[in-house]
Structure formats: C-alpha cells, structure tokens
Amino acid sequence: MSSRRHLSELRGNSDLYPRNVRTGMYAWLFHRITGLALVFYIILHIFVIASVNFGGGSFDATMRLLTSKPFVLIDLTLVAVVLYHSLNGLRIIFFDLGYGIKNQRGIFWALMAVGTVIFVFAAVASSRLLFRA
Amino acid sequence: MSVRDQGQPAWLVGPGGAMAWLLQRLSGFILIILLATHLLLLHYGGDQQLVFASVTIRLKTLLFIIIDTGLLALGLYHGLNGLRNVVLDYDLSRRAGSVLTTVLWIVGIFMTIYGATALYSFWAGRGVFGG
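Chains as they are written, first to last, in the numbering used here: chain A, 1 to 133; chain B, 134 to 264.
Read the hints as simulated data drawn from the structure, not as lab findings. One thing to keep in mind: the hints can contain errors.
Restraint ranges, calculated between C-beta atoms of paired labels, are given here [unchecked claim]:
1) A/F94 - B/T202: 27 to 35 Å
2) A/L44 - B/T170: 16 to 24 Å
3) A/F131 - B/L159: 36 to 44 Å
Under 8 Å between C-beta atoms, here's a sample of chain A residues computed to sit facing chain B [unchecked claim]:
4) I43
5) V52
6) N53
7) G56
8) G89
Computed from a predicted structure; not experimentally measured. Glycine is no exception: its CB is placed at the ideal position from the N, C-alpha and C atoms.
Only chain A is shown next, with the shape it has when bound in the complex:
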C-alpha cells in the first residue's frame, strides 16, 4: 500500500484524524498530554530525590527549596494532573473490561467530580504551606 493512500485512509477513518471530537475524544487527548507530562516528571523526580546520593545535607537543602511557595503551587498542579490521569485511567480499565462504555460521558463527569473533591482536600492541606508566616 502506498504511503500516500495510507495517509488518506488515516484521515478518513483513523483515531489520529477524527472528525467527531466530543467529550470522550478530549478525555483521550488530555490523558495523553497528562501522561507525557507525568513521564517527564517521574524522571525529573528520580534525579531530584537522588540528591540524597550526595549526602543528607544535600537532600535537606533540596527539600527546603521544594517546599517554598512557588513549588507548592507547582505541586498542586501536579496533584491535579495525577488525579486526572488516575481517574480517567480507571475509566479506561472499566471499558477494557467491558463495563460502562454506553455511559462513558456520564462516567467521565462523575469521575471528574470525584477528582475535584479530592483536589479541594489537597489544596486545603497545602494551604498550610502556602499561607505560613
């Protein structure tokens, strides 16, 4: 099959070039974006925590920097990203097991509601670090 014909078939049929972009499609796209952000983050996280390889003092200095206010705000963003990827990931597992596909949109928004509640708890807990003297 020529690659040109292959590409035109992709544009016509494939998930890569969808014509009908609605909730489930955005859920898929955002799952990708958050996933790529998280794989970048986990590698960064390992290098940062490995500052302990240069001694406890080095680790404690790194942790003091990371509990400063700008980093607490960045971490809250990370919590939101992790919550989205976890909850939507659960939704994907349900579908792969054969449950809930017909109600995929309702399940998506229900899980987002759960995520919002958990995020509010995380934000309130973090406010101790954000509003300290």
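Dock chain B against chain A, hints included.
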C-alpha cells in the same frame, strides 16, 4: 507482509504487543494504590517537611522498601510504555519501533538502577557518592 498491511496497529502485533497492553492496565491500577499511599503518607499525613533523618527511619521498614521500589519500577514501566504507545500511534516502521522499544528499555533500566541508589542512600543513612 508488513505490520501495516495487516491492518493492525503496530503496538498490538508481535512481542511486547498484547502483553504490553495488559501490563499497562495492571501497572496503572497498582500505581493508583501505591501513589495514593505515597502522597498521603509523605505529603498530606505528617509535618509536610521531608527531612533526610525521617526518610532514613521510614526506609528501614520492609513495607516501605517494597512500596518505593514498586513505585520506581512500575512508574517507569507505565510511563515509558505509555510514551511508546503514543509514539507508535504515529505510524513508525517496524524497525524504528524496535529501536524505540530498545532505547526505552535502556532508559528505564538505567533510571530504575539510579533511583535504587537513592533508596539505598536513605536505607544506609549516607550518600553513596559521599556526604
């Protein structure tokens, strides 16, 4: 006959295809449990200021060694396999796909070993590179 001609997405065909799909679901599910534990205990449970001394004490417990090693290895597997799924969606040749898989395995194994050195530093109470 190439992978493309069979009308199958490349990541479903051959070694590391269906098994990679299954392990992505399994590792994802386990990661939710491990990560919830990790975040609740380390960031939302205690005094919120992690210090070397307290982490050293925590990592003397076998359960935490298992949880942290699991997060390290499964997190990297899930993340790099996910990255592979994203890249393979963009219609790579079979050869490019194999090169990608090999590179990601090397990155994953290196990062797992490097992360394990950090866990060892906590467990031993001193940095493996000094300090």
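Hint-by-hint comparison with the structure:
no. : hint                        : result
1   : A/F94 - B/T202: 27 to 35 Å  : holds, 28 Å
2   : A/L44 - B/T170: 16 to 24 Å  : holds, 21 Å
3   : A/F131 - B/L159: 36 to 44 Å : holds, 41 Å
4   : I43                         : holds, 6 Å
5   : V52                         : holds, 5 Å
6   : N53                         : holds, 5 Å
7   : G56                         : holds, 3 Å
8   : G89                         : holds, 5 Å
Of the hints listed earlier, there is not a single one the structure fails to meet.
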